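**Q** Based on these hints, arrange chain C on the given structure of chain E.
Line by line, the protein sequences are chains E and C.
Under the working numbering, the first sequence is numbered contiguously, ending at residue 577.
Under the working numbering, the second sequence is numbered contiguously, ending at residue 583.
Accuracy of the hints is not assured; some may be wrong.
Distance condition first, Cα-Cα at most 30 angstroms in a straight line; then the derived DSS-like pairs of lysine-lysine [stated by the list, open to error]:
no.	chain 1	residue 1	chain 2	residue 2
1	E	Lys541	C	Lys433
2	C	Lys569	E	Lys455
3	C	Lys490	C	Lys433
4	C	Lys433	C	Lys413
5	E	Lys541	E	Lys455
6	E	Lys541	C	Lys490
7	E	Lys541	E	Lys236
8	E	Lys437	E	Lys455
9	E	Lys541	E	Lys437
These are calculated hints, taken from the structure and not from any lab test.
Just so we're clear, the structure is a prediction, and the values are computed from it rather than from any experiment.
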Amino acid sequence: MARTSDWLGLKQELAPRRRLLLTVLSFLAPLAVWCLVSYVPWLWHPLVHVTDPGEVEFFSEGMELPRADFEMGNADALKIGLAPGAGHRVNPVYLPAPHEVAKAFYTAFRTEPRLPNEPWLHESLGRSIRVIFWGFLISSLVGVPLGILCGAYRLVSRLQEPFIEFFRYLPAPAFGALCVAVLGINDAPKIAIIVIGTFSQQVLVISNTVRKVDPSLIEAAETLGARGFKLLRRVILPASISDIYTDMRILLGWAWTYLIVAEVIGTMSGITFFINQQARYRNFDNVYAAIAMIGIIGFATDLILAWIGQRLFAWKRAARTTGRSGLGGRFLEWVRREPEGPVLKSAEPTLP
Amino acid sequence: MTTAPASPDAYLRKSPEVVARFQRLYQRPVLLQLRGLRKTFLSNGSEQVVFDDVSMDVHRREFLTVIGPSGCGKSTLIRIVAGLDDASGGEVLLDGRPVDSPGPDRGVVFQGYTLFPWLTVKRNVMFGLEMRGKGSALAEEVARSWLDMVGLAKFENSYPHELSGGMKQRVAIARALANEPRVLIMDEPFGALDAQTRSRMQGHLLQIWKKVDVTILFITHDLDEAIHLSDRILVLGVNPGGIREIIENPVPRPRTAAQSHSPEFLALRARLDALIHAPAAGDEEEGEDKLPMARMTMAGDDVE
Numbered sequence: 226m227a228r229t230s231d232w233l234g235l236k237q238e239l240a241p242r243r244r245l246l247l248t249v250l251s252f253l254a255p256l257a258v259w260c261l262v263s264y265v266p267w268l269w270h271p272l273v274h275v276t277d278p279g280e281v282e283f284f285s286e287g288m289e290l291p292r293a294d295f296e297m298g299n300a301d302a303l304k305i306g307l308a309p310g311a312g313h314r315v316n317p318v319y320l321p322a323p324h325e326v327a328k329a330f331y332t333a334f335r336t337e338p339r340l341p342n343e344p345w346l347h348e349s350l351g352r353s354i355r356v357i358f359w360g361f362l363i364s365s366l367v368g369v370p371l372g373i374l375c376g377a378y379r380l381v382s383r384l385q386e387p388f389i390e391f392f393r394y395l396p397a398p399a400f401g402a403l404c405v406a407v408l409g410i411n412d413a414p415k416i417a418i419i420v421i422g423t424f425s426q427q428v429l430v431i432s433n434t435v436r437k438v439d440p441s442l443i444e445a446a447e448t449l450g451a452r453g454f455k456l457l458r459r460v461i462l463p464a465s466i467s468d469i470y471t472d473m474r475i476l477l478g479w480a481w482t483y484l485i486v487a488e489v490i491g492t493m494s495g496i497t498f499f500i501n502q503q504a505r506y507r508n509f510d511n512v513y514a515a516i517a518m519i520g521i522i523g524f525a526t527d528l529i530l531a532w533i534g535q536r537l538f539a540w541k542r543a544a545r546t547t548g549r550s551g552l553g554g555r556f557l558e559w560v561r562r563e564p565e566g567p568v569l570k571s572a573e574p575t576l577p
Numbered sequence: 280m281t282t283a284p285a286s287p288d289a290y291l292r293k294s295p296e297v298v299a300r301f302q303r304l305y306q307r308p309v310l311l312q313l314r315g316l317r318k319t320f321l322s323n324g325s326e327q328v329v330f331d332d333v334s335m336d337v338h339r340r341e342f343l344t345v346i347g348p349s350g351c352g353k354s355t356l357i358r359i360v361a362g363l364d365d366a367s368g369g370e371v372l373l374d375g376r377p378v379d380s381p382g383p384d385r386g387v388v389f390q391g392y393t394l395f396p397w398l399t400v401k402r403n404v405m406f407g408l409e410m411r412g413k414g415s416a417l418a419e420e421v422a423r424s425w426l427d428m429v430g431l432a433k434f435e436n437s438y439p440h441e442l443s444g445g446m447k448q449r450v451a452i453a454r455a456l457a458n459e460p461r462v463l464i465m466d467e468p469f470g471a472l473d474a475q476t477r478s479r480m481q482g483h484l485l486q487i488w489k490k491v492d493v494t495i496l497f498i499t500h501d502l503d504e505a506i507h508l509s510d511r512i513l514v515l516g517v518n519p520g521g522i523r524e525i526i527e528n529p530v531p532r533p534r535t536a537a538q539s540h541s542p543e544f545l546a547l548r549a550r551l552d553a554l555i556h557a558p559a560a561g562d563e564e565e566g567e568d569k570l571p572m573a574r575m576t577m578a579g580d581d582v583e
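Only chain E is shown next, with the shape it has when bound in the complex (with noise of 0.2 angstroms):
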């Protein structure tokens, strides 16, 4: 039986219904903060919006001053009885309103550019992906077969790791004129930059995943006579697989912080221009509505793979949860979820 009273969950894991409602609020706590520096009027709003100029010299209509400006303005225009301008208070530009921000999801997308050769929001997008997932392919394809081999056997990891190691400390932007060089202006340095980052951190990721199997399950299955590549395929893998896939996951959130990186070599490009851009026209409500969508985007990557993850490794997830259909209860389910391992795992040998 749960407790119900161990609200803090130091023994155990909270009541699925509390779970569900800490998940929500971590995601309504900062929104609410949000909202209040937005619509509560005397909180913060350093600016004043004129709306009636009077008769103050400086003051138009329309125009935007920090508060002690305008009340100095007024002041000396009483002093000299002229009438004093009128205005309310408002937060900067760059910082819109929760509704602002909610419309331009839907208005950034009908923004037409203004040049006639820059794309539109869905197109910035697209090719963000796009690089994103060129870069994450080439990257997992040399990264994730090297970083098995390099777990399962020590001679490949003393012949690959302590490199590996050694270019896991040399930033990707560093790469970006070569790159650009190398590579020319279009999106192929920016896959790069993408592949720069992630592969060093794939095979060392990986690799301390694939050493943390097990080594009795090894011996075992040698007792019973596999040998070489064969505990490899038959032994190594399918006990790593999972903690693998898990690590991909992870490995893809990284790959999405390069992409800002790589979007401004060459030629700036994709999402971080669309962004760029916004920010010159003064449209930070766009602005705001692409970084969500980021977020938003990495956010429903993770949800998909995490619930695929279940189906394919169902004998990981024990006989823990009782199986919940539609997509409800797959949010459900993933909120639910233990918390996964962390990152970066300790290299300390298992083996007593």
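**A** Frame of chain E, contents of chain C only:
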């Protein structure tokens, strides 16, 4: 309380039937030979000897248990036989051929079950057969018959995490035996089970051993279990590490639970207790049964 055996040598007395059994056993060919096995390890730059000069012959279809105090290297010894560890000296011969790596002729059942969690029970049992290149149809048939033999036919499509500890260990035994090993090596296989399950598993194991052509090397720290199962008992010691004694078990077969009060059983038990728990030179754990504690309760508030 049962009466203690009259003489410390009582465990050497055997009924004529038991003597005849041992004669038959020794006429069987020698299957496994340990020749001057030695294991050392480096500690702070100096060489520590775990055991030295361990030599004995194990006959075909013998049930040998290995016991000894902690640190005597009994697990290391059978890991060497299994080919999972290297000896520092000496050799192990199976059917006259030296052992240097793990192989399907020596099945191992570990204390921690070590079933493959991603495979169903049936696929676990099929694993060794597939590794040896048997076709999957044949492997499946063999696996089914073994699961039948250990009473788990109904669970062939379950995953290991769905089974209890005793059931897992039965699958592990079936998996090892499906490979038809010459020797079945068991490293405290029932150590993690509760007392009831353990005694049931001991019964299962004896039944299997009777029906299958297999020699068993069984490690345990449970002296009663050692007596209940074995033909001979190899007692290892520490300081110096090595063979203390190889004892012929005087308890007649077939074994029953009731025998644990028989004079032979008690005599052997007394001998094993003396061997295992005798204070050895440099043994620091001994003599510390009395803790140097001051009294922290009121006078008269006694519990004993």
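**Q** Would you mind marking each hint as holding or not holding in the structure?
**A** These are the hints, each one checked on the structure:
{"no.": "1", "hint": "Lys541/E to Lys433/C", "verdict": "holds, 22 angstroms"}
{"no.": "2", "hint": "Lys569/C to Lys455/E", "verdict": "violated, 55 angstroms"}
{"no.": "3", "hint": "Lys490/C to Lys433/C", "verdict": "holds, 22 angstroms"}
{"no.": "4", "hint": "Lys433/C to Lys413/C", "verdict": "holds, 24 angstroms"}
{"no.": "5", "hint": "Lys541/E to Lys455/E", "verdict": "holds, 22 angstroms"}
{"no.": "6", "hint": "Lys541/E to Lys490/C", "verdict": "violated, 36 angstroms"}
{"no.": "7", "hint": "Lys541/E to Lys236/E", "verdict": "holds, 23 angstroms"}
{"no.": "8", "hint": "Lys437/E to Lys455/E", "verdict": "holds, 18 angstroms"}
{"no.": "9", "hint": "Lys541/E to Lys437/E", "verdict": "holds, 16 angstroms"}
Violation of the numbered hints given earlier is confined to hints 2 and 6; the remaining hints are satisfied by the structure.
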